[in-house]
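> Single-letter residue listing:
Number of protein chains: 2
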Amino acid sequence: MRLEELGEFGLIDRLRRYEGSRPGIHTGIGDDAAVVAGRAGWRTLFTADMLVEGVHFLPGTDPYRLGRKAMAVNVSDIAAMGGTPTFAAVSLGVPPDTPVSRVDKIYQGLYDEAARWQAAIVGGDTVRAPALVLNVALLGEAQEGEVLLRSGALVGDRICVTNHIGDAAAGLILLERPELAVPDGVRERLVLKHLCPSPRVEAGRELARGIATAAIDLSDGLAGDLMHICRASGVGAVIDAANLPISDDVRAVAQAAGLDPVSLAISGGEDYELLFTVPSYRQGTHVLPGSGTSYTVIGEIVDAREGIRLRLPDGELRPLSATGFRHF
Amino acid sequence: MRLEELGEFGLIDRLRRYEGSRPGIHTGIGDDAAVVAGRAGWRTLFTADMLVEGVHFLPGTDPYRLGRKAMAVNVSDIAAMGGTPTFAAVSLGVPPDTPVSRVDKIYQGLYDEAARWQAAIVGGDTVRAPALVLNVALLGEAQEGEVLLRSGALVGDRICVTNHIGDAAAGLILLERPELAVPDGVRERLVLKHLCPSPRVEAGRELARGIATAAIDLSDGLAGDLMHICRASGVGAVIDAANLPISDDVRAVAQAAGLDPVSLAISGGEDYELLFTVPSYRQGTHVLPGSGTSYTVIGEIVDAREGIRLRLPDGELRPLSATGFRHF
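For the record, the sequence lines run as chains A and B.
Going letter by letter, the first sequence gives residues 1 to 328 in the working numbering.
Going letter by letter, the second sequence gives residues 1 to 328 in the working numbering.
To be clear, the hints were calculated from the coordinates, so they are not data collected in a lab.
We put the CB at the ideal spot given by N, CA and C, even for glycine.
You may find that some hints are simply not true.
Some, not all, of what chain A presents toward chain B, calculated at C-beta under 8 angstroms [to be verified]:
#1 20
#2 97
#3 122
#4 129
#5 133
#6 135
#7 137
#8 196
Counterexamples of contact, computed for chain A against chain B with all Cβ distances above 12 angstroms [as the list claims (entries may be wrong)]:
#9 62
#10 145
#11 151
#12 152
#13 187
#14 192
#15 206
#16 240
#17 263
#18 311
#19 318
#20 321
Pairs of lysine to any residue residues, derived as SDA-like cross-links and limited to a Cα-Cα distance of at most 20 angstroms, are as follows [claimed, not checked]:
#21 105/A <-> 16/B
#22 105/B <-> 115/B
#23 105/B <-> 20/A
Here chain A stands alone, though its shape is the one from the complex:
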């Protein structure tokens, strides 16, 4: 069997067998970050993401933005656990004819994004490679009892998401199809959301203090990431299409591109918003009082046997298939 037949998530499941055991592991392979023993009263979080030229970004990508994004997507994994980032080890593979100024800009981006969260780059590796490869391994910490996992969602919980969804996917569409007619302000905002995700660290910390039962960051797309929560928690879900927080900007792009805005919002990845569950909540859009982060109730956790479904505005329920980006 080849990797493309097994699929990315099949592979991740398979690799759990190689995890090994050791005292101090609270949560290993399969969440946004691993949770291991930390200093007294704290847990250490540990995550890593690899970005590859031609797969995650185009060869001409602005190196500063690339550095920021590489750090931001890791910070987002720490945020989804309710933690704050601390120390990073950066591995960079790069062709030897690369201008030093390009490497400088990548590191300036990594540094700026890390500094934004008071995290530091303490080590790593620089090696020759045929194409640019950037791996960030990031540590974080969260207080004991304040760690958000994917596995805590219970039947009856409400499903919520911070801010809007689909912005990053719409931004990517605008980058790929510059001929689409949308106002310049829309283009600018959405492209920035795609290039420069903003991890929801403060919201994650607030949610971890007794508010959320489960959380994940939206990297693969709502459909795929909701599936992760449901699988880890052993539950099903119903999402209300009418309640999805889709911005007017995204609707404008969907219209210009001839796409359904709900499909775009559900399948588009890289929003790096937080998808989370709460024990029960009133409908609508609210604000987390501590961090001031806006969030919207978009559905409900149901029994696993009901699967994961989307309720259309006319009440029809249809299976929500995970159609986000897959590596294999």
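For this one, chain A is given, so just place chain B on it according to the hints.
Just chain B now, with coordinates in the frame of chain A:
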């Protein structure tokens, strides 16, 4: 300026400016591993190494051996700090047509080497890539006051190395030139030393308990790694060619290949032995009583103004140029 002009070590020096600051950093970029705050009475060690197909290993490399080596070289960095490895995050970039069995074998190797040291793989990333890229980020721990740095060598200290040097380089020569006539036993032993390095964890821990003043693992080769100790410590060094622990196996390969065994031992990398300094010691080869590791006194730390030199058997001193592998 291009990376190949700046050079690998020039690049690493340059990247220190992007380190950033944060409470809890004891040693950042520039040692075998970073040293940060850990649980009470302990330090956390953090290192990462990226291996790239076609650069660090040939496309046909046995995947199990590759996995073992990728973990072992990181464990070796932890060993050089006097620590023991704890948790790893593994990032694997791989073409989608790769057989799943090949990925399994890489992870089996990673797992077996981690398990050998009671370390566990707790997370990571699997992504599509044009060629195989394997990054291991590894945590370790060492007790406060028992961390070995590159920067502690003092004038008058003796320079020592564990076991033998040049074996891995000789093994690589035998792989690249299978026509060389050496006994089968020699070929087998040296190729294994190249493919399957054995990190010196027990020796590192023992050295960290008040024996060594500085240490590094031999990845770049004796000349290059000694330079790192000298630069970090602000000292010079004299190495006695006559005292280098060069095995009969390596001498046999040097003879068959028409190479000088001393040059081979000094410039050859990837032995993953420990190079360390002690306050003063009798000459010769000894055994660390705790770990049973053999080591040999090979030179002396001198004033920085004397540079880094090799004393030939006839007493002549010549500059020891760092001729190990460089990425840029």
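> Output the indices of the hints that this structure fails to meet, ascending.
Hint check: 8 fails alone, others pass.
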